[in-house]
Structures are given as C-alpha cells and as structure tokens.
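Chemist: Sequence:
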Amino acid sequence: MYLIKKIKIFFFIIGILGLIINPKYSHADNLSQEQKKFFKTMEDSLIHSADSMFYTLIPDFRKEFCEQFVRQLVRTLKMPNSYEYPFDSLRKKINIISPEDQSFRIFNWPLAYTDVRLKYYAAIQMRSEQLKLYPLFDHSDVLSSIDQD
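Those letters in the sequence shown? Residues 640 to 788, per the numbering used here, in order.
None of these hints come from the bench; they were simulated from the model. Glycine included, each C-beta is placed from N, C-alpha and C at the ideal position. Certain hints may be false.
DSS-like cross-link-like pairs, simulated, lysine-lysine; straight-line CA separation at most 25 Å [as the list claims (entries may be wrong)]:
| hint | residue 1 | residue 2 |
| --- | --- | --- |
| 1 | K702 | K675 |
| 2 | K758 | K675 |
| 3 | K758 | K676 |
| 4 | K676 | K732 |
| 5 | K758 | K771 |
Using C-beta positions, here's what the derived DEER-type ranges look like [as the list claims (entries may be wrong)]:
| hint | residue 1 | residue 2 | range |
| --- | --- | --- | --- |
| 6 | D668 | L757 | 19 to 25 Å |
| 7 | S684 | L772 | 26 to 32 Å |
| 8 | D727 | S671 | 14 to 20 Å |
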C-alpha cells in the first residue's frame, strides 16, 4: 500500500506542477489556418472520447474508450507540427504539462476502473520534426502485489 500511495502522490505532483510551471503555450502562431482547423477538429474528437472514457456509466467500457482515446491521440500527434498545437480545450480533460524550455510535454490522465482501482496513463512527446512519443506505463498493480508480500 505504501508504494501505491507514493505512485499516486507522484502523479498528483505532476498535475500540480503542470498548473504551476506550464506557461501559456503560444506556438500555434506557427501553424497555418488549415492546420489549426485540422487540429481543432482532432481535439474535439479527443475531448468526446475523453468524456466517454471518464463518464461512461459502465466501468468495464472505460478501458475500451481509453484505448480509443490513446489511438486517436497517437494519430493526432503523428501529424506534422502537432507539437505546435496547444490542445487548450483538451487540457480541461487531461493533464498536459511542459517545462519552461518547451522541449517536451507530458500527456497524463488517471482512469477509474472501479471505485477503488485507478490506472494512470501518460506519454511524453518530444519537440522534434519527426514524432518522438514515449509511453509511460502504470505498474502499480504489480507493485501493490510486491508490497503485500
């Protein structure tokens, strides 16, 4: 249980740091109007999937909606200049945090599978010409079984 608490505290701190150190993103000026329109459409689709993922009444469906959300997010981030788009509306649904130098950003969200079981999802997108996306995996279920031994 101690390790689970530490993991939850870690992700909580990531979320708080996102509120503190994430300056208003203004790189969208580098995008054409077509690109902005495309990314806005993709962002709206991501928001719809996030709402389904978080608010479906049947907990068993949350994982399916989450997988759909992840596929959409990866497809969107694969598009040229995706790093330049701020995803301001999506930030109201999930954490998107960056350091001051804007060298990368982290997409992070928890998902409640049951009233007592949370799973954390995260990916790091590096600022680069080609997509560099690194998934982060929540192994708290494995750690909790080790903690109980």
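Chemist: Each of the hints needs a verdict: does it hold here or not?
Modeler: Here is what the structure says about each hint:
no.: 1; hint: K702 / K675; result: violated (30 Å)
no.: 2; hint: K758 / K675; result: violated (32 Å)
no.: 3; hint: K758 / K676; result: violated (32 Å)
no.: 4; hint: K676 / K732; result: holds (20 Å)
no.: 5; hint: K758 / K771; result: holds (23 Å)
no.: 6; hint: D668 / L757: 19 to 25 Å; result: violated (37 Å)
no.: 7; hint: S684 / L772: 26 to 32 Å; result: violated (18 Å)
no.: 8; hint: D727 / S671: 14 to 20 Å; result: holds (18 Å)
Violated hints, in rising order: 1, 2, 3, 6, 7; the structure is consistent with all others.
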